[in-house]
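All chains, please: the whole structure from these sequences, using the hints.
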Amino acid sequence: MVVGVNAGDPQAAVKLVRDQQVGGIFLGGNETALLQNRALDEVQRAAKVPVSVAIDEEGGRVQRIDALDGDMPSARKMASTLTPAQVRAKAAERGRQMRARGVTVDYAPDADITDQPDRDIVGDRSFGAEPEVARKYVLAFAQGLRDAGVQPVLKHFPGHGHATGDSHKGLVRTPPLASLRKVDLVPYRDIGEYGEIGVMVGHLDVPDLTGGTPSTLSAPAYRLLRKDYAFDGPVITDDLGAMKAITAQYPLPAAVLKALQAGADQALWSSGGNVGTVLTTLEQALASGDLPAARVNEALTRVLTAKRACG
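All residue numbers for the sequence shown refer to the working numbering, where the first residue is 1 and numbers rise by one.
If a hint is listed, it holds; no wrong ones were tucked in.
Restricting the straight-line Cα-Cα distance to at most 20 Å, the calculated cross-link-like pairs of lysine to aspartate or glutamate (DMTMM-like) are: (1) 136 x 115; (2) 227 x 196; (3) 136 x 193; (4) 48 x 19; (5) 90 x 196; (6) 136 x 147; (7) 77 x 130; (8) 90 x 71; (9) 90 x 147; (10) 244 x 166; (11) 77 x 132; (12) 182 x 208; (13) 77 x 115; (14) 307 x 41; (15) 77 x 66; (16) 136 x 93; (17) 307 x 196; (18) 136 x 196; (19) 136 x 190; (20) 182 x 130; (21) 307 x 232; (22) 307 x 42; (23) 15 x 41; (24) 227 x 208; (25) 244 x 120; (26) 227 x 298; (27) 182 x 228; (28) 77 x 118; (29) 77 x 120; (30) 77 x 93; (31) 90 x 69; (32) 182 x 132; (33) 15 x 42; (34) 182 x 115; (35) 307 x 147; (36) 169 x 120; (37) 227 x 190; (38) 90 x 66.
Just so you know, the hints here were simulated from the structure itself, not pulled from any lab data.
Following this line, the structure appears as structure tokens:
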């Protein structure tokens, strides 16, 4: 589990980790107390196993440390003004700033392909509308983060760039799978070239793949990533606790269970809380066999391997 915490309340984060021993925490929003004065060191001391500390630092309108370390351009701006090598260097610089503050995982780069206007849901978070060009920049950004010892997480598989709507407001539908393969899935080709990364699955309905179910809760979506795109690293869900594509259909404990059953290795909810209820649901499912022990062990192995890769 990766649970959202209030980055303005370091002691609450310490208490969460000490009491619940969650595997990861996510610092959303623009509060920065947890990112200053080595506050995250105390969080790590409360953990029996090192906690992954994630933020979503993309640049542009999705930044978390700009007030501390300066502004970073949006993906679209970087792709229009910098070479891939320069983007790699910029991502490495940002990664070093994150690591110095205790961050180990960045939910970036955005690998979506789109020519949407800048302020649309993906918009300028994308490196562009040309798949092969965008892939070069996605790869460069990811490699830069890895150079700094931060785990990159590509998102939003299998591609939000041509989907209808905003998954914060409801389930969105992508074009058919054949179209995704030609365009939106191009950044995930030859995925081994990226090295040690994670992938975030979005709340996306692919009509001829997931059949009305969000990809985050769909076994065929995870099989597509594992089998067709040969990815064996950790896979995390998009936010299960604050996006109506999920919350309008499922209570949080059920959504977390369904995601893990379908093939997710980590379930993310940014809203925090409910950890005890979720754990009880998972423990009961494990005891009954509804959540196979082999599935849990597989996920745990991937998560621990990723943590070792981040030091």
